[in-house]
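**Student:** Chains as they are written, first to last, in my numbering: chain A, 1 to 375; chain B, 1 to 594; chain C, 1 to 370.
Note that these hints are calculated values from the structure, not bench results. Hints should not be assumed to be uniformly reliable.
To be verified - Pairs of lysine-lysine residues, derived as DSS-like cross-links and limited to a Cα-Cα distance of at most 25 Å, are as follows:
| id | chain 1 | residue 1 | chain 2 | residue 2 |
| --- | --- | --- | --- | --- |
| 1 | B | K427 | C | K24 |
| 2 | B | K184 | B | K143 |
| 3 | A | K350 | C | K83 |
| 4 | B | K143 | B | K427 |
All figures in this text were calculated on a predicted structure; none of them were measured in a lab.
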Amino acid sequence: MSGRSGFHTRLIALTRKETRQLLRDRSNLLVGLLLPFALILLFGYGLSFDVENAPVAVVLEDRSPGARDIVAGLDGSPYLAPVMVASMADAEALMRARKVDGIVRLPVDFSAARAAGDGRVQLIVNGADSTTATAIEGYVNGALQTASLHAADRAGVGARGGVTLVQRTWFNEAGNSRWYLVPGLLVLVMTLIGAFLTSLLIAREWERGTLESLFVTPVRPTEIVLSKLAPYAVIGAIDVVICLICARFMFDVPIRGSLLLIIFASLLYLIVSLLLGLFISGATRNQFAASQMALLASFMPAMMLSGFVFDLRNVPLAIQIIAQALPATHFMQLVKTLFLAGTIWPIVIKSCAILAAYAVLLAVLTRRTLAKRLD
Amino acid sequence: MSAPDPTVAIQGLIKRFDAPDGTPFDAVDAVSLTVRAGELTALVGPDGAGKTSLMRMMAGLLSPDAGTLSVLGIDVRADPQSVQDRISYMPQRFGLYEDLSVQENLDLYADLHGVPQAVRRERFGRMLEMTDMARFTARPAGKLSGGMKQKLGLACTLVRSPDLLLLDEPSVGVDPLSRRDLWKIIEQLIADERLSVIVSTAYMDEAERCAQVFVLNRGRLLAEGSPEALRRRAEGLTYVAEPVAGLPPRDVQARLIDDPGSIVDAVPKGGRIWFIRRPETDEAALRALLPDTRFAPRAPELEDAFMLLLHAHEDGDGTGGTGTPAHEAAGRDGGGDIQADDDAPVIVVRDLVRRFGDFTAVASTSFDVHRGEIFGLLGPNGAGKTTTFRMLCGLLPATSGHLEVAGRDLRTARAQARARIGYVSQKFALYANLSVRENLDFFAGAYGLSGARAQDRIGAVIDQFQLDPRAPSGILPTGYKQRLAMAAGLLHEPEILFLDEPTSGIDPLARRAFWRTITALARSGVTIVVTTHFMEEAEYCDRIAIQDAGRMLALGTPAEVRAQAGGDAADMNAAFIAIVEQGRVDDRQDRHAA
Amino acid sequence: MAAFLPMLVPILALIRKEILALVKDPANRTILFAPALIQALLFGYGATYDLTRVPYAVVDQSRSAASGEFLARLDGTGVFRRKATLASNDQIADLVDNGDVLLALSIPADFERRLSAGETAPIQVILDGRNSSTAGAAAGQIGTIAADYAASRGGAPPIVVERRAWYNPNLESRWTLMPALIAALSLMQTLLIAALSVAREREQGTFDQLLVTPLTPIQILIGKALPSIMVGLIQSTIILLIIRFWFQIPMNGSYGLLYLGLVSFTGAGVGLGLSISAVSLTMQQAMLYTFLIIMPLMLLSGLLTPVHNMPELLQILTYINPLRWGIDLVRRVYLEGAGFTDIWFDFVPLLVMMAVTLPLAAWLFRHRLS
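Just chain A, same shape as in the assembly (with noise of 0.2 Å):
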């Protein structure tokens, strides 16, 4: 009665019990289903770190034919709209206003200088918001030096001695920030609903007292923790599912990987989740505090640490190494690389390799809180 067959059984029954429960309350099929699709839909659309149309005032101080040839670059730029403006006091009313994001002032004697091989412009941004101050330093460069280039050729000059960068980006060929932040955006989604569904349900049944009868039964710890994965992990798979077709088909990001290992990985990243989440609740008995330690534990550190978009290479050590202690930061390493350069096999092993450590890891420890013991 309590060998294999009766483990079948209670597994069976516990699964059922389970899966009623997940069913029964709309809460959770609402954050288990259609939370992700509208996550992935917002986040897919809404984040970007592309500036485009950034507008920008340009001074025109220098009003020589060669100035006006340099500031027609910036025309050119796909990611500037400049606006001229008479004075630099109104370009500073503009920007303060927040209706331009930077200033281009060419100086009076911009052109007598530049002769003298010394061509000196003025840029102003707002480092409130370094990210678009950053990337209009490198549009206004680049559209400068190009204008530079542009009209040195014309006057017969020559780029003497130049030294060209012949750049290629591989994986990523248009710098599309969308393609790094989609696949990440699948490792946010899956550590949210792993935290969120799971981190109430062992709290949930010590504060209603029925783990209490339940523990009085043939029940083994194992298969209670069995029974609480295995519902949500269903709903995990179809969210896996609705983030790699909206990915694909919505946001046009390459797969280039193995499809297979994707969904391999992801569910592997989902059974680590999943079990986090219990883990939280076995560990705390308690609602309020598994709420507050799974929002802690799972979204924020996936979010800033694990390398979604803050890349892991400019943190200092001790940041690294406790990033690299997080879950979530192998499975976004292994998520991009998958998605955008394709199997690359030491990256799949290693990766997979620490996040089933991770799951054998957690299902211990969650083992573990369920000892059948009241003090």
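Add chains B and C to chain A, keeping to what the hints say.
**Tutor:** Just chains B and C, lined up with the frame of chain A:
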């Protein structure tokens, strides 16, 4: 003498917990006992006696700090799972999954216990029939009334025939009808399957049904034996008094219970007073105490023995943990100075109706309550008592009808009107993570008391209910939680006090103390509306109303209601069951006629 | 005043109780204040767009003095760190694929000859585009270095763009991000605390007890809102202190105005939380609803990506996001030293939100039937 192996064998068992102040105390203190197989065994004792800890240890959910514990011949500490595979345990609050239906809950536990499909059909059929729930199999467990939940919990516990059944206070908060049903199921199973059952209970009439009774108090085993043997301990000490006409029985009872030097216990019952004298008190002293009242010896009951045992233990121990709270402080400045000068009722209810969708929770109910009256609202679980209560307190709007508390409808009344009522809700509803003192501070503030007045009142209720101000309220024993709730409800000296099942889960000792406080309050002019499942408590009320399925079945003094039930219904319990059952028959006939 | 006092006593009692319930448990205290501290430090260091370490590989087929000088300039920045010197272009793919290097440079064999001949010498740059922001930034820096290098060899004089950045001279992304965290980090927890506050009382049955006291809905509202607002402000203060004194980002505005803004912002967040709480019957519902809105609030606030990069429709949607205004307000006051006249418009949506959500919550207290 080939006695079968004992079901439970306990030697010198100790379970230690940390008290709120960090000092350890023994919840179970060197208990040794043996439970015989195939019998019904009771654990009785006041709150905090260690009954639940003992049961949890038997179920392998708590590990003992010392001693040996073997259940069904298995050392529980070494192999809890083997025990759990063979026993069934129903905790005080059975963990039904409220979002699952009755049938789904049953299926779940049947699967977990590995009940074969073939056995299951017969078993379910019997359980559903015995619990009278066959009609409700599709209903979510959360939508069942308290009594039905308890019955379903029992059914889930009994989906298979265990080798040992542990029931922790199965009848707390259950009405007399459901309680009767519950016991029918248990007794039938014992008869049919020779089940070994251990039950903890606060009801002495339940303990009386058991073959073996263990009396516990504060972790100690005080006595054990058959009900008959225990009863004999009170032999010759028990009496019944007949109050002279016009004198309310509860006044005589109060006079007796206020003399703990001579009297162990006194309760009103069927218009008379049952009491126990101390062994050292002679009949002459009794006559001095009751000069104008006739009294005569009566046969002892288990409850008498229980009260004697507890009093002896508490006396021997000095400070009484469950002592009787002082009650005189409850009175307003000297007490009884509020004249019943206006005979206008304080609470007026006319044709009150409350519907939830197409379900009528309260149907056309009318009654009045006068100043200083104790008004009891009785009825089975789900009868509409709580709904009526919530409407009276202004927590729920009435669908139709007229409702007046202290001259207004509290739902639309300005806040000041609410300052005149006190409310103690069914389940403990104070802030569990705050200390007793912090809870009282809060409610004093919430009722607008501040400064010296707040301090005075808080000090007064702490003394009155013998509370420990520093104790975290969440881990107080049930009886103390209940006292704290009462204390919070009385802080602002309300004119009207609403008490929803205030004595559920409270031991007899604490219930006596509680009712002593209530009667003292009523005498000082406070109007009290109370619900209860202990029918003997209806005897304390001036008038009672019996509700079932939202309808009012009886209304009058306890004597009138007993009379309505028919001559042979001597006690309130029988009267209640008779009236509710008659009401249900009439209802069915009405529906047939319609 | 004398008439006012009796109204104050119950509110103070409620506030005291709420605070006690929040901070009584040491574990709860930790959960309320430690995360703000830890996250501020973690994200302060971790959330940066600034390149500090760019591992790269090089295939130098020229092996000349010219190429050596170019690479020396690159290494001299301290940002570019050579991870590998490769023999042939074939070896690049592995390193880039595995993420060992962010970029690879390939200098052709005729590099020096072309430069000496006055021709344009090409350097091939291969970038890992898996994070296109980083790749773009790295490419930009190499471009600048190459231009400088060419100029130093007497090439065509480039136009020098002298960049001056207002409020953030070195254009450090931390300066942009951290002030935003003052608002963003505290919002999450205050929202959840407010959302759970009434739901928890309903679940535990204490809310009925509260409703039968003479407390009016307005008093309950004030009693519930103020402690949550206080928690939010304390968290904001912790983050503010870390930013100011640990990361030493200069504060240019007035603390008074900053806190005025934070109070309105936190108030709007708490109003939202209490409204969620008032419609929820259980803690689970309250929590799920909170989670449901927290992610859009965060991602559509301008915290990570600028609001004006979003499609028009979404930009309009952000008008009802208190965090959008909160972040704008804090950044402007903290970094730009904006005065009230510069940011009054941030207050409008926040105050409107408070005016809608707080009375709504108060009304729901009594009218939400169980």
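**Student:** Each of the hints needs a verdict: does it hold here or not?
**Tutor:** Hints and how they fare:
1. For a cut-off of 25 Å, the pair hint linking K427 (chain B) to K24 (chain C) stands: about 23 Å separates their Cα positions.
2. For the proposed pair K184 (chain B) and K143 (chain B), the alpha carbon gap of about 24 Å is at most 25 Å, so the pair holds.
3. Using a Cα cut-off of 25 Å, the hinted pair K350 (chain A) and K83 (chain C) holds, with the two alpha carbons roughly 21 Å apart.
4. Restraint check for K143 (chain B) and K427 (chain B): the C-alpha separation of about 17 Å stays at or below 25 Å, so the hint holds.
In this structure, every one of the numbered hints holds.
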